[in-house]
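K.L.:
As a plain string of letters, each chain reads:
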Amino acid sequence: MQKIILIVDDEEDVRESVRTILTANGYTVETAVDGDDCLQKVQQIKPDLILLDIMMPGKPVSEIIKQIQDIKIAFMSVVRISDARKRGLCSQPNIVDFFQKPFNVSDLVDRVEFILNG
Amino acid sequence: MDANKFRIKNLIFSRINRKLTLLVIVALLAPALGIYLFYYILTSSFPSGLFSEEVALIKTTAILIIVLISIVNAGVIGFFVTRSISKPIRDLHKATLELEKGNYDVKLDIKTDDEISELGNAFNLTTEALSRLENERKEIDTAKTEFLSITSHELRSPMTPMKAQLQMLQEGYFGKLNKKQKESLEIITRNSDRLDNIIVDFLEISRIEAARLKFNFKEIDISQIIDETTSFMEGFAKEKNIKLVVNVDKIPKIEVDPDRLSQVLRNLISNAIKFSEENKKIEIDAKLKREHILFSVRDYGCGLSSENQIRIFEPFYQVESSTRRKHGGTGLGLAICRGIVEAQKGKIWVESKEGKGSKFYFTIPLEPIRKIEPIKVLFSSKKLIERKICEEFKTILGPLGNSEFYELKSKNALGKEDIFEYIDSLTDLHIIPHEKGLNFKYKIGGIFGEEKTIINKNNDTTYCTPEEEVLGRN
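Residue numbers (our numbering), protein chains in the order written: chain A, 1 to 118; chain B, 1 to 474.
Note that these hints are calculated values from the structure, not bench results. One should not assume that every hint holds.
Stated by the list, open to error - Cut-off 27 Å, straight-line C-alpha distance, at most; resulting in silico cross-link-like pairs (DSSO-like, lysine-lysine):
1. A:Lys-86 - B:Lys-94
2. B:Lys-281 - A:Lys-86
3. B:Lys-345 - A:Lys-86
4. B:Lys-376 - B:Lys-144
5. A:Lys-86 - B:Lys-218
6. B:Lys-144 - A:Lys-86
Unchecked claim - Computed far set for chain B versus chain A, every beta-carbon distance over 12 Å:
7. Ile-63
8. Lys-111
9. Glu-154
10. Arg-212
11. Thr-230
12. Phe-316
13. Tyr-422
14. Asp-428
In this text, a Cβ means the ideal position worked out from N, Cα and C, and glycines have one as well.
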């Protein structure tokens with residue numbers, strides 16, 4: 001069965017780029033545009049992995065992740081991991097990776113593969 | 001200048017003069033009054049025919065009383081002069097010195113109700129104005145740093161989909177590419193990488209300027225960091241068959257941020273590789289010097305002229321405009337190095353000779369600096385050098401140094417050669433002794449990053465190496 005990945009980013013170009021990459025590598029991809037949309041989609045589709053941008057307008061990311069405890073989350077961010085840590089975003093056990101934007105395509109594919117298939 | 005101010009009328013009727021006149025009158029009147037009273041008492045109380053000894057005794061007592069009155073009088077006058085003139089002037093002087101140090105909150109409270117208190121009020125208004133300007137300057141400065149930080153983030157976000165799409169094209173996600181298309185994509189990729197590097201460097205500079213640079217200190221062996229960094233850089237050095245020679249003294253383990261230290265070293269080594277010809281070597285040294293560890297990266301490349309030595313740490317300054325195209329890089333590397341080193345209260349400088357190569361030095365403290373202060377990285381190198389020169393002028397020439405410095409500055413004569421000429425004129429006129437002149441030249445040369453050998457020719461008495469000199473100035 002194909003693994004489902006949910007991409008959450010307020011920028012359409014980023015969502016579509018990541019969707020193209022991951023679809024081409026055999027994943028089922030869904031997208032969400034903000035925090036509320038993300039929480040709704042999580043209920044509907046039960047993804048295996050969420051790729052979550054940590055800087056989005058609307059609901060703060062710290063609140064979104066509090067409501068998702070049993071699904072793996074990987075952050076995508078322009079700011080560095082040290083900034084994310086400082087905001088206390090990296091302490092949950094289901095946060096599994098951090099993709100520094102702009103990311104490298106093959107690196108993204110490899111790491112997603114590793115997260116989902118071990 | 002208003003000539004009216006010096007008219008007799010103004011001089012007489014100035015309030016401070018009135019006060020002084022009053023004091024002089026009192027000073028003269030008091031003993032005169034004493035003498036008059038004495039003779040009055042003498043003539044009215046004692047009828048004639050008294051023994052001459054008694055008269056002599058009374059006269060002596062009178063003189064003593066008059067002397068006493070004079071002394072008390074002098075004391076009283078002294079007190080008034082001090083209270084209404086000397087003390088306010090001293091206060092004013094103190095306040096001016098405070099102001100020079102940059103303390104704009106200094107306030108004068110002079111209640112003498114004369115020209116001096118007017119001067120005090122004018123001084124207070126001036127400090128207020130200065131303080132306002134200083135606050136405005138700070139606000140603009142913060143706004144600049146904020147702007148830099150925000151724009152850099154904003155510039156960086158479009159890079160993400162751009163680079164992703166480019167890589168997908170290159171990796172054949174949308175079908176096979178022909179040779180021309182591949183070449184075209186390579187050019188786009190190379191330039192988008194360069195753009196991204198500049199943005200990353202901008203972000204780093206905005207962090208340095210806002211004191212948001214992060215240091216993660218770990219107790220670590222310095223030689224380990226150097227070894228890791230050099231073996232990483234060896235990959236690049238091999239392309240030009242350059243040998244990296246490492247020479248590290250025995251240094252105790254210290255607390256340092258290994259990533260930041262490595263960042264500075266990588267930058268210096270990568271510059272050294274860029275400006276070296278093939279088959280040359282690059283020497284990387286580290287040794288213990290007082291409270292610092294002194295690192296150096298020496299190349300045998302093209303070297304730098306004096307002008308370039310001053311300006312090399314400025315952002316976007318490249319020795320020639322052609323070198324940027326030839327050697328790549330963002331032009332911000334050394335400015336960032338300076339920011340990192342100075343955030344740890346270290347020094348970074350270069351010694352170089354054209355055609356012979358350059359040696360970059362930097363220091364890090366044995367005790368890490370945890371409280372990071374903002375550092376001006378953008379557009380400040382020239383000012384920094386001017387400040388150093390001004391300080392040197394003040395040390396050698398005393399209070400006169402300041403005005404002499406500004407005299408030279410107004411003549412636009414702060415180049416190294418100009419200052420050397422000026423020092424020569426001082427020694428020729430015997431204003432300062434020859435030895436002192438040489439020392440002066442040596443210090444100025446140091447600021448301009450001059451190699452020690454040039455000046456050492458004439459001055460082998462009290463000689464210390466430029467690195468000790470720079471450390472000593474800390």
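K.L.:
Hint by hint, note whether the structure agrees.
P.N.:
Verification of the supplied hints:
| no. | hint | verdict |
| --- | --- | --- |
| 1 | A:Lys-86 - B:Lys-94 | violated, 45 Å |
| 2 | B:Lys-281 - A:Lys-86 | violated, 42 Å |
| 3 | B:Lys-345 - A:Lys-86 | holds, 25 Å |
| 4 | B:Lys-376 - B:Lys-144 | holds, 11 Å |
| 5 | A:Lys-86 - B:Lys-218 | holds, 18 Å |
| 6 | B:Lys-144 - A:Lys-86 | holds, 24 Å |
| 7 | Ile-63 | holds, 86 Å |
| 8 | Lys-111 | holds, 53 Å |
| 9 | Glu-154 | violated, 9 Å |
| 10 | Arg-212 | violated, 9 Å |
| 11 | Thr-230 | holds, 25 Å |
| 12 | Phe-316 | holds, 23 Å |
| 13 | Tyr-422 | holds, 49 Å |
| 14 | Asp-428 | holds, 59 Å |
When each numbered hint is compared with the structure, violations occur for hints 1, 2, 9, 10.
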